[in-house]
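Asker: Here the protein sequences come in this chain order: A and B.
All residue numbers for the first sequence refer to my numbering, where the first residue is 1 and numbers rise by one.
All residue numbers for the second sequence refer to my numbering, where the first residue is 329 and numbers rise by one.
In case anyone wonders, no lab produced these hints; they're calculated from the structure.
Where hints are given, some of them may not hold.
[Stated by the list, open to error] Computed spacing ranges between beta-carbons, pair by pair:
(1) A:Lys118 to B:Pro440: 55 to 61 Å
(2) A:Ala121 to B:Ala538: 41 to 47 Å
(3) A:Thr250 to B:Gly600: 20 to 26 Å
(4) B:Ser518 to A:Ser249: 33 to 39 Å
(5) A:Asp300 to B:Pro623: 44 to 50 Å
(6) A:Arg166 to B:Gly600: 29 to 35 Å
(7) A:Ser249 to B:Leu413: 18 to 24 Å
(8) A:Lys310 to B:Glu595: 51 to 57 Å
(9) A:Asp300 to B:Leu413: 55 to 61 Å
(10) A:Ala247 to B:Ala538: 41 to 47 Å
(11) A:Gly147 to B:Gln375: 49 to 55 Å
(12) B:Thr399 to A:Leu201: 32 to 38 Å
(13) A:Ser249 to B:Val401: 17 to 23 Å
(14) A:Pro241 to B:Arg599: 15 to 21 Å
[Said to hold, decoys possible] Restricting the straight-line Cα-Cα distance to at most 35 Å, the calculated cross-link-like pairs of lysine-lysine (DSBU-like) are:
(15) B:Lys627 to A:Lys161
(16) B:Lys627 to A:Lys95
(17) B:Lys500 to A:Lys9
(18) A:Lys310 to A:Lys322
(19) B:Lys627 to A:Lys310
(20) A:Lys71 to B:Lys627
(21) B:Lys500 to A:Lys153
(22) A:Lys72 to A:Lys118
(23) A:Lys118 to B:Lys500
(24) A:Lys322 to A:Lys161
(25) B:Lys627 to A:Lys72
(26) B:Lys402 to A:Lys114
(27) A:Lys118 to A:Lys161
(28) B:Lys450 to A:Lys114
Where a beta carbon is used, it is the ideal one built from N, C-alpha and C, also for glycine.
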Amino acid sequence: MALREQLKKMILEVLPGVDCVIGWGAGYDALHAAPLFMRAPEDVERFLSGPLGAFGAVQNPALFLPELAGKKIGLVVKGCDSRSVVQLAAENLIKREEVVIIGFPCEGVIDLHKLRNKLAAHFVVNEPGGVTAVNLAGDHLALTAGGQEYTFKRDEIMADKCPRCREPNAVISDCFAGIERRADNIADDYEDIAALERMSLEDRFRFWEQEMSRCVRCYACRNACPLCVCRDHCAGASRDPHWLTQADSTRDKFMFQLIHTLHLAGRCTGCGECQRACPLGIPVLLLKRSLGRAVEEMFDYRAGLDTEAKPPLLTFRVEERKIKEREW
Amino acid sequence: MDAKFISRGQLPEWLRSLAARFAVLAPARAGSSVIYRPVDPEAPPRQPELAVKPTESAKRALFPLSEALLTFVKNQPDGKPGLELRETPPPRPCLVFGLPSCDARGFLVFDPVYAGSGTAGKFQDNYYLRRREQAVLIVKTCPRPLSTCFCNWVGGGPASTEGADVLATELKDGLVLEALTGKGARVLDSALLRPAADEQLTAAAQSRAASEAAMPPPVDISGCARALRGKFDSAGFWQGHSAGCLSCGACTCLCPTCYCFDLSDEERGSRGVRLRSWDSCMLPLFTQETGGHNPRAAKAARLRNRISHKFSFYPDLHPSLPGQDGHIACCGCGRCIRSCPSAVDIRRIVTEALGTAAEGAE
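So that you can see chain A by itself, here it is in the shape it has in the complex (with noise of 0.2 Å):
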């Protein structure tokens, strides 16, 4: 049976013991997916109906569970998203028995950024709206515009989060669609940040100011993140104390990323969505895969594995590890 029908299938089974089943349906055109909440059988069918299946499903649907709570909520999750469920359950922000959590070994995601960069070179085309039929067979895409064909290596197109990603079946799940995929092969060279910390510090800091510059302050990428719980008590937004100018400062809006990213370290499950949901498509993953990175090497931890895990810097060890306080 092919991924789609077993977790149908999944849903149908699990729908009638929760308040609905969160999951991704068709969007507004067949590169676009939307989040879909499933409350009756008939609402299945629109579940992954999308040419792109589960290559669209970008959004995590983790997000939603916090403002949730309460209900009994079925999620289908890719492994990324998984994670993000293990991290709010470790955190006490979401109840473990709340949710039921229906995995598939994920195989990628499409980035829509990335596939807007490879668009802008063809006249026709030129961005994903100008896209009139999708067809996604095997490890390509063809797209067609304007009665003309463009293929793309899945690949190319693909995630940049998908291929070092460690744990594409879901972390935790009360249930299983298909075959584990293998991923014990697999590392996270974290070549990104060491390729922007090769820059001079004062090139890096320009990259920043030239990337920050186009910021309207939409705050998509705070509130895309599934871990970003301050909600409307937002440093970005308080007016008392003021730690943020409302005047239109590149500096300042870099210093609210810097703010997110220090909120999240050890806590950031590099799910990247903030960074999807840009507008304005500025990297600001970078920021927290830097952190995320520093973390793994000082604590040996990564957030997201464990649901009885202590994310390190919510605590403390009175003697860490690999922090030498007495050798000076």
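Dock chain B against the given chain A, drawing on the hints supplied.
Answerer: Relative to chain A, chain B alone:
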């Protein structure tokens, strides 16, 4: 009026020459997005990005993301606490090159509000009006509709001239520029431009006709104001449509017609500035009251407000012709759909409120 032609090669030079007289904004690529960037007359000439519809709207030209309304100094003349207010200097006249027609039509929604329609003209917003009066908008015919475009549902079109000072139409080797207003004619008075030849004018007219023909037929949304009024108390309707909403402000920030702002006084020592900056009705703090109550605490209530404001409240307050629906406060640019992380589709909400199926929008 005048019609001129400029070759693609000369275009950057012309924009640079305009930058001596205006604060010129032109579309430029930045990462995966296209934004309106100031043209720097000192920097090497750069081709504007004209192949891709800008990711953001052009509203920042007349309604900056943040602007200083006044500065103040606390002082103590004669030993008594006092406050000296200083006006901010008037802005340079602005010229936007290459905005799509929907962006220019977006300002038609701003105009009555900032001219004081709510107070019968008694309170006018001079900050907006003085920018508006001087601004020159060079609209570029949109060659191809995107899956999110629906300007023709709300009275627009890919080659609409409404609100434009110059209409630019791309040909293979350059652009035909047709002046529509006196302001527009004056910016076309340049030695870099030559009069458009008859065959160029014909080609431009054909290109515009092809653009109009490429738009899918519009869905009739007349009666939407009344339909949305009828949905005001349907909690299920709004909860259903807002379920995937993140409550971020991507839609409102990129929208050419969202004109709401916030005011904040920022002080440093005895000096301070009063800032006006974009606000977003999709954020919970928008309606947070000092006493603690929030009349729109739920995201469903906020989505209802945004959609109803555009398609119901505003048209009710701004009637067009007697017997017709009022002016819809949406120009159909589709940016709220295209840039929504959850792909919330404003068209679907309006058509479902009307009880009609959005064929062709799927």
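Asker: Now look at each hint and say whether the structure bears it out.
Answerer: Going down the list of hints, with the structure as the test:
| no. | hint | result |
| --- | --- | --- |
| 1 | A:Lys118 to B:Pro440: 55 to 61 Å | violated (42 Å) |
| 2 | A:Ala121 to B:Ala538: 41 to 47 Å | violated (23 Å) |
| 3 | A:Thr250 to B:Gly600: 20 to 26 Å | holds (21 Å) |
| 4 | B:Ser518 to A:Ser249: 33 to 39 Å | holds (35 Å) |
| 5 | A:Asp300 to B:Pro623: 44 to 50 Å | holds (48 Å) |
| 6 | A:Arg166 to B:Gly600: 29 to 35 Å | violated (51 Å) |
| 7 | A:Ser249 to B:Leu413: 18 to 24 Å | holds (23 Å) |
| 8 | A:Lys310 to B:Glu595: 51 to 57 Å | violated (41 Å) |
| 9 | A:Asp300 to B:Leu413: 55 to 61 Å | holds (58 Å) |
| 10 | A:Ala247 to B:Ala538: 41 to 47 Å | holds (44 Å) |
| 11 | A:Gly147 to B:Gln375: 49 to 55 Å | violated (27 Å) |
| 12 | B:Thr399 to A:Leu201: 32 to 38 Å | holds (34 Å) |
| 13 | A:Ser249 to B:Val401: 17 to 23 Å | holds (21 Å) |
| 14 | A:Pro241 to B:Arg599: 15 to 21 Å | holds (19 Å) |
| 15 | B:Lys627 to A:Lys161 | holds (30 Å) |
| 16 | B:Lys627 to A:Lys95 | holds (22 Å) |
| 17 | B:Lys500 to A:Lys9 | violated (54 Å) |
| 18 | A:Lys310 to A:Lys322 | holds (17 Å) |
| 19 | B:Lys627 to A:Lys310 | holds (32 Å) |
| 20 | A:Lys71 to B:Lys627 | holds (17 Å) |
| 21 | B:Lys500 to A:Lys153 | holds (31 Å) |
| 22 | A:Lys72 to A:Lys118 | violated (41 Å) |
| 23 | A:Lys118 to B:Lys500 | holds (22 Å) |
| 24 | A:Lys322 to A:Lys161 | holds (28 Å) |
| 25 | B:Lys627 to A:Lys72 | holds (20 Å) |
| 26 | B:Lys402 to A:Lys114 | violated (51 Å) |
| 27 | A:Lys118 to A:Lys161 | holds (18 Å) |
| 28 | B:Lys450 to A:Lys114 | violated (50 Å) |
Against the hints set out earlier in the document, violations occur for numbers 1, 2, 6, 8, 11, 17, 22, 26 and 28.
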